[in-house]
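With chain A's structure known, arrange chain B on it following the hints.
Heads up: the sequence lines are chains A and B, in that order.
Going by the UniProt record's numbering, the letters in the first sequence line up with residues 1 to 326, in that order.
Going by the UniProt record's numbering, the letters in the second sequence line up with residues 1 to 326, in that order.
Please note: incorrect hints may appear among the correct ones.
Stated by the list, open to error - Just some of the chain A residues that point at chain B, by a computed CB distance under 8 Å: (1) Ile37; (2) Asp41; (3) Leu131; (4) Arg137; (5) Gly277.
Hints in this document: simulated from the structure, not taken from any laboratory.
The structure displayed is predicted, hence computed values, not measured ones.
We put the beta carbon where it would ideally sit given N, CA and C, even for glycine.
2 protein chains.
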Amino acid sequence: MSESTPGPPPGTTVLVLDAEPPAPPPRLGGLTGRARILHADEASLAGRLPLADVLLVWDFTSDAVRRVWPGGGPRPRWVHTASAGVDHLMCPELAASDTVVTNARGVFDQPIAEYVAALVLALAKDLPRTLELQRERSWRHRETRRIAGTRACVVGSGPIGRAVARTLKALGITTALVGRAQRPGVHGGDDLDRLLARADWVVCAAPLTDATRGMFDARRFGVMQPSAHFINIGRGALVVEDDLVAALSKRWIAGAALDVFAREPLAADSPLWTAPGLLVSPHMSGDTVGWRDELGAQFVELYGEWEAGRPLRNVVDKERGYVPGP
Amino acid sequence: MSESTPGPPPGTTVLVLDAEPPAPPPRLGGLTGRARILHADEASLAGRLPLADVLLVWDFTSDAVRRVWPGGGPRPRWVHTASAGVDHLMCPELAASDTVVTNARGVFDQPIAEYVAALVLALAKDLPRTLELQRERSWRHRETRRIAGTRACVVGSGPIGRAVARTLKALGITTALVGRAQRPGVHGGDDLDRLLARADWVVCAAPLTDATRGMFDARRFGVMQPSAHFINIGRGALVVEDDLVAALSKRWIAGAALDVFAREPLAADSPLWTAPGLLVSPHMSGDTVGWRDELGAQFVELYGEWEAGRPLRNVVDKERGYVPGP
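Same shape as in the complex, but just chain A:
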């Protein structure tokens, strides 16, 4: 879906909510002479937001936009976030406004699909245990699982979920894709529990919205097979983390891998670090070499559309909380 938006007046101001060092700022050299670039951090965002025609949310780990937006003053007409999810910035006031919100749709699809394949294969082939035994200099042959012919259920039918499904299918895994509503090639939410009950691999690639928050809870882990593995590369709050730890401890499921967490960075005293059969990675599934440059280039490209008064791509449905199909 796309939406027509007016082009910028001369002297457009682009405000960048910077990421914390050492993360580099976006490369916006392509906008030289076309826009005034202002920078803000979490502390200065409230003061500078009224000056912005366009806001680039470069620090996609911050929820400063959601906190600051409802305050007084003019608001930018366009907000772009350098992330696939928009849960960190959406608030009722932004949703109700005329401001257009766009996301980084496309940049993360293939990297995340590969990362999920890496996790599925690592779990099937018992790689974590192999590395543990290597540290102990211990030669211990084990039988592992064949993935061809197993079943996956990928929850989330956006471009990331679809790329994950394509990659798992290419590896010979029978893969079902589940979205909000049934459409060709995509199961609706009504089929979810039935598909979870027979999946060897459950992959969560859903957007975080009011409808999906906490959707992976004790009941859903209880539906899964004892041999099933659960993988989350969506958003942490899609999972009730205590329920997952309990499900692993009680052997309701065989293992899991989380790349995202309700609170990031994960606290050093979190029980997730040591939950049995759980692989923890620091929200990096989509971040392959060059990803920041790609995100910057994507914004510059969208800016060109905006500048020319053409319809923007990657426009988020602010009520639903994601860019609708296909």
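Chain B only, in chain A's frame:
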């Protein structure tokens, strides 16, 4: 290639060279009433070999056949090994004899292809470091590599090498296959160094023969890119292990994974356990749940062909040391 072999006389004796406990014996219930089954271990093989019409080498880690065969007495007319490689049993006397040798061609193709994909993805996505950081409860974001668009060189164009190439291609990796001689879809050995020089992933799936022993040596590691990773799922002696350790230490290549070793099990004091960037696994790449049953069933099936006087499949070219193409 297949070869006509005479059927068994009544009262055929099948001798099984058993694996050491706790590895289970083959399930040969399908031969009940059709053959007399004798068992031998390494110590008793010399005494029992003259009694055998057929030898099943169930302990494919043993080189007892190679040692015992040249001794005196009648020899079986058919030897089957429950492995893809035949390097552990071939000797000049067996090669010169009329005895037919068959192998377990087919059983390991898909499992090993998946295992190689697991290693490529684990190395690309820095999973060993992720598991290390998890043990330290340390949240450390890193950028990883995208595998789509990278290049692989798979050395060994038998069914295992071809399955590996198919799987890597399915993951978007540009993959070249190298065999002894050039044929459609397969590069000849003359292209090897050129392909190694531009590969991101070098996978060794070659049979161990006099022509291939030690083929991955200092010179060949020197040809590879500093960013390249080397994976061996063939036989340990294809690699000069000291040269690999040196190449890793000097950063001639970025990393490696070995599933096979010149001496197995790998000694506790081997420098390979701790070589920088080396992932060690205990010769298990092809051994997925049910593999022993599949190996037993495959022998029973071949026995049916032998019994009926039909040509055997999986017949090894004893001079070359593998089952020739396609």
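- prompt: Among all the numbered hints in the text so far, which are the ones the structure does not match?
  reply: 1, 2, 5
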